[in-house]
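Participant: Given the sequences, and given the hints that come with them, work out the whole structure.
Now for the letters of each chain:
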Amino acid sequence: MAHNWGLGALVNLDHYGHYLNWHFISISVSNLVVMILMVATFVAALFLPFPGRRSRKESR
Amino acid sequence: MSTTEIDRQWTSRLRKRVVGKLPPDKMLPDTQPAYVASWIYVFGVTTMAALFVVIGTGCILALDGPQWWHSSAFGHFINSMHLWSVEIFFFAMVIHLWGKFAMAAWRGGRSLTWVTGAVTFLVSILTGFTGYVSQTNFDSQWIATQAKDGINSTGGGAFFNVLNLGQMLMWHIVLLPIGAVVLTALHVVMVRVKGVVPPFEDNASEVSA
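Those sequence lines, one after another, are chains S and H.
Taking my numbering, the leading residue of the first sequence gets 1, the next gets one more, and so forth.
Taking my numbering, the leading residue of the second sequence gets 1001, the next gets one more, and so forth.
Calculated from the structure, these hints are not laboratory results.
Don't take every hint at face value.
Said to hold, decoys possible - Chain S residues, not near chain H, derived (Cβ > 10 Å throughout): (1) Leu-10; (2) Tyr-16; (3) His-18; (4) Ile-27; (5) Met-38; (6) Thr-41.
Stated by the list, open to error - To give an idea of the interface, some chain S residues facing chain H are shown, with a C-beta separation under 8 Å as derived from the structure: (7) Phe-24; (8) Ile-36; (9) Ala-40; (10) Phe-42; (11) Leu-48; (12) Gly-52.
The beta-carbon is built from N, C-alpha and C at its ideal position, and this holds for glycine as well.
Facilitator: Right, dumping it as structure tokens:
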């Protein structure tokens, strides 16, 4: 069984999904977390400095 | 055979055309423009790296089939690798899409690059969907029975039957991956031919120059 591998999921996933409901909108917590992570990664990619960028600009 | 005859051969003409459009130093360049040194440019290659893992793990899954990937520890592991590489694939591809949309990456005659990327995205969604209905478990049965009504309402169910496991598996492991890989290759070739889209201000100076 996969459970014997020792490297199980960091979060226990062996249960029914959690859902958030607001009027007609229904979204699973896992999907919402992925969406938030994607937006956060996108914003971080725009603003975090890229390694070696300064030295490349100076060498131009 | 005379030189003129050799020049008229389709192989000679094709080679000259390909090398003219995409010389080796452009196909595999040593450097990129300075503006490419940003994290927003890494998501395209992340998507491709994930695609390699998706295809590699998919090939391993194909070796032994569902009984193996459902019942053995190593099968579970490869199955999970296949799933999580797909998660990374879509995660990176959507951020790549957002970034390129914000850059209006179709500028400067790059419309075909944009279109091949967009179509690859749609083909990937279909590949992911056929993968979900090919799992051979209760999850895939649930997804297939939910999807059939939507697809039948379009009339597509006559040709694309989500309840037909054999058809879905063949689409998932043959037709759609071929489409995704060919489109990805075309997309990369287009990026090489036209170059990475410059930032707006650089493009403005490029146009005015």
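Participant: Does Phe-42(S) meet its interface restraint, that is, does its C-beta lie within less than 8 Å of any C-beta in chain H?
Facilitator: Where the cut-off is 8 Å and the nearest Cβ of chain H is about 5 Å from Phe-42(S), the hint holds.
Participant: Against chain H, run the beta carbon of Ala-40(S) and see if the smallest gap drops under 8 Å.
Facilitator: Interface hint status for Ala-40(S): violated (10 Å vs cutoff 8 Å).
Participant: Is the claim that Thr-41(S) lies outside the interface with chain H correct, judged by CB distances over 10 Å?
Facilitator: The claim is violated: Thr-41(S) sits with its nearest Cβ about 6 Å from chain H, within 10 Å.
Participant: Quick check on Ile-36(S) please, does its C-beta sit within 8 Å of some C-beta on chain H?
Facilitator: violated (12 Å)
Participant: Just want to verify: Ile-27(S) was marked as not at the interface with chain H; is every Cβ pair farther apart than 10 Å?
Facilitator: Non-interface label on Ile-27(S) holds, nearest chain H Cβ at 16 Å vs cutoff 10 Å.
Participant: Quick check on the hint: Leu-48(S) CB to chain H CB, less than 8 Å?
Facilitator: This hint holds: Leu-48(S) lies near chain H, its Cβ roughly 6 Å from the closest one there, short of 8 Å.
Participant: Looking at Tyr-16(S) again, its CB stays over 10 Å from all of chain H?
Facilitator: Holds, because the least Cβ-Cβ distance between Tyr-16(S) and chain H comes to about 13 Å, which exceeds 10 Å.
Participant: Does Phe-24(S) hold up as a contact with chain H if the rule is Cβ-Cβ below 8 Å?
Facilitator: violated (18 Å)
Participant: Does the no-contact call for His-18(S) survive, Cβ to all of chain H over 10 Å?
Facilitator: The assertion about His-18(S) holds, with a minimum of 17 Å to chain H.
Participant: Does the claim that Leu-10(S) lies outside the interface with chain H hold up, using a Cβ gap greater than 10 Å?
Facilitator: holds (12 Å)
Participant: Are all beta-carbon distances from Met-38(S) to chain H longer than 10 Å?
Facilitator: For Met-38(S), whose nearest Cβ neighbour in chain H is about 6 Å away, the distance does not exceed 10 Å, so it is violated.
Participant: Hey, does the Gly-52(S) contact hint survive, CB to chain H under 8 Å?
Facilitator: With a closest approach of 7 Å, the Gly-52(S) hint holds.
In the structure shown, a violation is registered for the earlier hints numbered 5, 6, 7, 8 and 9, in ascending order.
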